[in-house]
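Asker: What follows is each chain in one-letter form.
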Amino acid sequence: MEAFLIPLSAALAVSIPALATGWAQSRIGPAISASLAEKPELSTTAILLVAIPETMAILGFVVAVLIMLRAGG
Amino acid sequence: MLLDRAQSGGLASLPYATSLEVVTRSAPLPAVLVATVRDRVPAARAGVITKALLGLAAREMVAATPRSFVVEGWIPAAGFPKLTQALAARFGGRVVVESVAREDWEGESAPVVLQNPRLFRPFETITRMVPLPAYGTIDPTPFVAVFFPMFFGLILGDIGYGLVLAVIALWLRHGGAPGSTRRAVAEVLGAGAAFAVAFGIAFGEFFGDLGARWFGLHPVLLDREHSLLAFLGLAIAIGAVHIVLGLALGVYNASRGHPRQAVGKGASLVMVLLIVVVLLAAIEVLPHGFLTPAIIGLLVLFPVLVLAEGIIAPIEFLSTLSNILSYARIMALGTASVMMAVVANELAGSVGSVLVGVLFALLFHLVNFALGIFAPTIHGLRLHYVEFFGKFHSPGGQAYRPFAHWRPSGHAG
Numbered sequence: 001m002e003a004f005l006i007p008l009s010a011a012l013a014v015s016i017p018a019l020a021t022g023w024a025q026s027r028i029g030p031a032i033s034a035s036l037a038e039k040p041e042l043s044t045t046a047i048l049l050v051a052i053p054e055t056m057a058i059l060g061f062v063v064a065v066l067i068m069l070r071a072g073g
Numbered sequence: 074m075l076l077d078r079a080q081s082g083g084l085a086s087l088p089y090a091t092s093l094e095v096v097t098r099s100a101p102l103p104a105v106l107v108a109t110v111r112d113r114v115p116a117a118r119a120g121v122i123t124k125a126l127l128g129l130a131a132r133e134m135v136a137a138t139p140r141s142f143v144v145e146g147w148i149p150a151a152g153f154p155k156l157t158q159a160l161a162a163r164f165g166g167r168v169v170v171e172s173v174a175r176e177d178w179e180g181e182s183a184p185v186v187l188q189n190p191r192l193f194r195p196f197e198t199i200t201r202m203v204p205l206p207a208y209g210t211i212d213p214t215p216f217v218a219v220f221f222p223m224f225f226g227l228i229l230g231d232i233g234y235g236l237v238l239a240v241i242a243l244w245l246r247h248g249g250a251p252g253s254t255r256r257a258v259a260e261v262l263g264a265g266a267a268f269a270v271a272f273g274i275a276f277g278e279f280f281g282d283l284g285a286r287w288f289g290l291h292p293v294l295l296d297r298e299h300s301l302l303a304f305l306g307l308a309i310a311i312g313a314v315h316i317v318l319g320l321a322l323g324v325y326n327a328s329r330g331h332p333r334q335a336v337g338k339g340a341s342l343v344m345v346l347l348i349v350v351v352l353l354a355a356i357e358v359l360p361h362g363f364l365t366p367a368i369i370g371l372l373v374l375f376p377v378l379v380l381a382e383g384i385i386a387p388i389e390f391l392s393t394l395s396n397i398l399s400y401a402r403i404m405a406l407g408t409a410s411v412m413m414a415v416v417a418n419e420l421a422g423s424v425g426s427v428l429v430g431v432l433f434a435l436l437f438h439l440v441n442f443a444l445g446i447f448a449p450t451i452h453g454l455r456l457h458y459v460e461f462f463g464k465f466h467s468p469g470g471q472a473y474r475p476f477a478h479w480r481p482s483g484h485a486g
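So the sequences go chain by chain: Z and S. Numbering of the first sequence is given in the working numbering, commencing with residue 1 and proceeding in unit increments. Numbering of the second sequence is given in the working numbering, commencing with residue 74 and proceeding in unit increments.
Read the hints as simulated data drawn from the structure, not as lab findings. Be aware that one or more of the hints could be misleading.
As the list claims (entries may be wrong) - Some chain S residues close to chain Z (C-beta under 10 Å, calculated; not the full set):
| no. | residue |
| --- | --- |
| 1 | 406 |
| 2 | 425 |
| 3 | 427 |
| 4 | 431 |
| 5 | 455 |
| 6 | 458 |
Glycine included, each C-beta is placed from N, C-alpha and C at the ideal position.
From just these sequences and the hints, can you work out the full model?
Answerer: Next comes the structure, spelled out in structure tokens:
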């Protein structure tokens, strides 16, 4: 049972935050594109705003690695 | 048709030129007008017109009577003696240069010039991509010049990829004129490539594990493929250093004029350091005796932080800590990079035909290399703009535009 649950939890740890990141970026992308049409000089801010939610996916990856290393051996 | 006249005859032939001249004599150039011009003409021609408009704006700084004139403008402090000498040599005593002290100046705030040693100058491109730092605050370029290529190298961390990137950077630099963006980008990439080779030696990577297979390359510092936790620790430690540096710069920036903020930033700086001590003592890297004094220090500093920066301060402090964790991306991307390279090398042997296997592996390496340039750049920039600059950067500087840049082309009036 454990041999099954550990990889599953690692997979969930990386996939759920990744989905959340995707959802957040899907909301940020259109909003910032709309602002870019008005103010092209905001392009750097645009990249930043889209990049911010990535943290979730990356922390999820780190947690998944920790789960696999600590429990999966 | 309008455009052709605008280009050949200068601004005077534009339909609204008459009203424009009247306006510019009394007030700054209306932004609406610039916008109108931009909307009506294609970008390439808009440049010409914008330049002409800026020329008019520059004329605003000049006042003349039949026998005398006054020109008002900014010059970098370092260039002032040169200007005085040049004017004295050319016009003798007939032109008087007077410098107005910044305290007496009541107009708009001083424009900003970034001045860095030649080695750091290409990295100004990175600083310029966000709004310029306000006058009198720290120019982050020297710090960017050290940490950006370092993050790049930590993520790519491969002798082979680094050398290929160095060749590409040399080719890019060769084609760019001195001072062009292309050359600056090439030099930033070159610095990244140098760090990638250096960390490649430290991690013992040459196109993934190819170096180890072919000529027994060994990791000097750590093996990224297997000791993931050590790499994670390294990434977060670098993050802690970077954030503490950012907070220190924040203290310096705030100490001029915002003593309260400076105290708050200083308190969070010391608290970050104390938390590091507590964590190190908890996992017994430091002696256990450090634990109690560090925790007492944290408890003392917490009310100081709240008093200095208000009730929101604890939340901001938490975001500082999560900023440090964000540097875990260096480890995540670095591990992904080495794993992809290893997979590519294994593919070469696992397919039946050697030729197909090698071609497939080359393709895989190519994809990984493209990712290996793209990902460290985007994430290196992000770590700087969001995590590092957020701690001290106070935007709002106006770019310095010397008169020479404003000369309208093909229109002398």
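Asker: Would you mind marking each hint as holding or not holding in the structure?
Answerer: We went through each hint and held it up to the structure:
1. At about 8 Å, the closest approach between the beta carbon of residue 406/S and any beta carbon in chain Z falls short of 10 Å, and the interface hint on this residue holds.
2. For the restraint placing residue 425/S at the interface with chain Z, the shortest Cβ-Cβ distance is roughly 30 Å, beyond the 10 Å limit, so the hint is violated.
3. The interface hint given for residue 427/S is violated, since its Cβ lies 33 Å from the closest Cβ of chain Z, which is over the 10 Å cut-off.
4. Because the closest C-beta pair between residue 431/S and chain Z is about 31 Å apart, greater than 10 Å, the hint is violated.
5. Because the closest C-beta pair between residue 455/S and chain Z is about 4 Å apart, less than 10 Å, the hint holds.
6. About 5 Å separates the beta-carbon of residue 458/S from the nearest beta-carbon of chain Z, less than 10 Å, and the hint is met.
Checked against the numbered hints above, the structure breaks hints 2, 3, 4 and satisfies the rest.
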